[in-house]
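Asks: Sequence lines, in order, name chains A and B.
Counting from 1, position 142 in the first sequence corresponds to residue 142 in our numbering; the numbering is continuous, with no gaps.
Counting from 1, position 121 in the second sequence corresponds to residue 121 in our numbering; the numbering is continuous, with no gaps.
For the record, the hints were derived by calculation from the structure and aren't laboratory data.
Among the hints, erroneous ones may be present.
Stated by the list, open to error - Keeping only pairs whose Cα atoms sit at most 20 Å apart, straight-line, the calculated DMTMM-like set for lysine to aspartate or glutamate is:
no.	chain 1	residue 1	chain 2	residue 2
1	B	Lys2	A	Glu122
2	A	Lys2	A	Glu28
3	B	Lys2	B	Glu73
4	A	Lys2	B	Glu122
5	B	Lys2	B	Glu28
6	A	Lys2	A	Asp64
Said to hold, decoys possible - Label pairs and their in silico Cβ distance ranges:
no.	chain 1	residue 1	chain 2	residue 2	range
7	A	Ser174	B	Thr257	36 to 42 Å
8	B	Met355	A	Arg25	50 to 56 Å
9	B	Asp194	A	Ala334	47 to 53 Å
10	B	Asp184	A	Glu399	32 to 38 Å
11	B	Gly83	A	Pro4	41 to 47 Å
12	A	Glu173	B	Ala367	44 to 50 Å
13	A	Ala403	B	Gly83	33 to 39 Å
14	B	His398	A	Lys2	46 to 52 Å
15	B	Ser84	A	Ala333	42 to 48 Å
Glycine included, each C-beta is placed from N, C-alpha and C at the ideal position.
What follows is each chain in one-letter form.
Protein chains: 2
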Amino acid sequence: MKPPLRIAIAGLGTVGLGTVQLLQRNAELLAARAGRRLVIAAAAAREERRQRGVDLSGIRWFADAAAMARDPEIDAVVEVIGGSEGIAHDVVAGAIAAGKHVVSANKALLAHHGAALSRAAEAAGVALHFEAAVAGGIPILKALREGLAANNVTRIYGILNGTCNYILTEMRESGRDFAAVLSDAQRLGYAEADPSFDIDGVDAAHKLALLAAVAFGNAVDFAGVHVEGIRHVSALDIEFAAELGYRIKLLGLARLTPHGLEQRVHACMVPRSTPIAHVDGVFNAVVVEGDFVGRVMLEGRGAGAQPTASAVVADLIDIARGRWSQGFTVPAAALEARPAAPMARHIGAYYVRLMVVDRPGVIADVAAALRDEQVSMEQMIQRGRAPGEAVPVVLTTHETEEAAMRRAIERIDRLDSVLEPVRVIRVEAL
Amino acid sequence: MKPPLRIAIAGLGTVGLGTVQLLQRNAELLAARAGRRLVIAAAAAREERRQRGVDLSGIRWFADAAAMARDPEIDAVVEVIGGSEGIAHDVVAGAIAAGKHVVSANKALLAHHGAALSRAAEAAGVALHFEAAVAGGIPILKALREGLAANNVTRIYGILNGTCNYILTEMRESGRDFAAVLSDAQRLGYAEADPSFDIDGVDAAHKLALLAAVAFGNAVDFAGVHVEGIRHVSALDIEFAAELGYRIKLLGLARLTPHGLEQRVHACMVPRSTPIAHVDGVFNAVVVEGDFVGRVMLEGRGAGAQPTASAVVADLIDIARGRWSQGFTVPAAALEARPAAPMARHIGAYYVRLMVVDRPGVIADVAAALRDEQVSMEQMIQRGRAPGEAVPVVLTTHETEEAAMRRAIERIDRLDSVLEPVRVIRVEAL
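Put together the whole structure using the sequences plus the hints.
Replies: Here it is as structure tokens:
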């Protein structure tokens, strides 16, 4: 058997401790599958040797994670500190410069600095793997780089944030509104005290930027992601979605268009007949559409200590075996730098919800606004009657360019009989 | 760039031609991802140079596939002939003996001879990969060997036969009976003229034996698979399943039990709330339960020229990159040879359907038969009334040992008021 792979773990939060636990508990299995032992040689965290429920005896302790990453007795560094700058960046960049393989679960770091770091790793001849950074335990990056590598990917999309999916699922099942469900989710630990990273779509956008880069051989372009969250999704929208045969999901979607690489994260109306509509609760899923394989979906737990550790350690096994591949599939020099497709050029269908005064002529005004912008209506629902009072009206459109849709919405927003800002949710043809 | 990988294709049926098409159409992409060109150097098929809709000019033609497999100008052999014996076996064994890497889509061959062939490949230092043999385009073997390799797999199960899933889906959606749907499926090309390999569960059993071997590090044990098909599933069962909150799926399932490796293929009642219940039509899906990752599901097309070619070529890319892993994850010497767990020791719940004379006392007799074998009833449905005539009665049990269930069924079958053989479908807790 080859000599052990000596691993340093930078960060002993949830994921770091899960990784320690996995490496210890499944040590024999891992040695058989890796062809050598995976040994935790060192660890670093802010607070020294706090009791953490795992046995850290015999492991060298570093107060300075960056120093640990350069230590000559280390072969591979696991970075599970988090954050796009600062110490996490120092650890990863330093480890690569010192010729160490790196496994990172840090989506923010890779979304912002993945291109530069992968160039550095390539130059140093070391692995920079980050399976755990996208969709937790789901081995989607390996699937894109290897299992589905024979395909031109035509589109990729997924449920990339478990917090949002939990909230939207709960809203659907309970009929309650966003704020109530969010506060429950916080109490249950499914949402952070400051939930904005999740519910405003930033976390999903980090992951989408990585997925799109791997799938399309593009340099990571986080700045090119159009990002919206789920704060504006109401119980009423979820009810109408059901009536129209949809479910509302926060998706990240990417595809190549004539205008460049389209990357977008926002709430979507998803046909109930598609597999991803049935991915509920904290589960994540990613759908890959390839020119030969057709549609493939991978579903699993997108967060949590143990699923994330599963992905971290899978990367370590590949490194131990010497069968790691380039982080973004192809050499850095071969990565494209396509322009970001502007959202104004997006073509799609739309769900539009209005609160209007229930009186004759209102629908005619709305229809005229759509017509004036060449937007074609597919269906319209006005449920209940309350003459002279506010009632919701919902309509869906055929495919149209987003710029035209925005102009139509501006017109509608200006109508006297429209009482609240118009709500729009994109309808996806999946 | 490294020299090209010179590929020989043995068999130019649907999958062989799909593979040729993929290697030609995506040649540039494949070269970028493999770091070298994948070149079709030779091909062999029964009928020479029949027009096949792909360009075979410049490719060496062999009438004798086994001779081609030994040719010194070949680096890797793709075996897509099919069949567990004869020429397919000669090609694979001969290629390995001649030091060639092998990629096979042949589940029958691998289910019967996978252990011996993988030992031979290991001794020769060549790859024997067979991603395409299990669930077509879904990269499940790679996921088990690599992406989920950090986990002890606790259970694996899946929809492994698209023909059966198509038939069961159609039966559910149309309310028609098995024979009618089968004959439509044959007309549409979703079922073979002789459909027995598919509908009697043999094809799914081949795939399950391979999945179980890779997931549990066991020597392939096709003989140890308990196999039942779907011929006995009636429209009535599908209707009752819906009423009880289930869908009927042909699953292959494997897990380790105190009695050995349990491998079984049969129709199952699957709770409608589980993801696999929503995998419909010709789609396949595999669920892996791991001790750290939890539940992961992969879904996609399990057959067809293009999805299968996607899997074949992914294996070729790995070979071209030199990053292939052992076919069954660990060295042949490390594979276990666990006994097959007898079905009589299986513990599970059961759905039981009877046709009985509608008269007082019948249910009491049935209940007594169950009680006498210590089988606990969960619920019972008798819908409609037709005094003195035949009516269906359906019941479900709590978990019980299969041996006890079989004894209870024998008792029930002997009752005068029971008019047809009792139908039993296992209920799976997923």
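Asks: Hint by hint, where does the structure go against what was stated? Just the numbers, ascending.
Replies: Violated: hints 6, 12 and 13.
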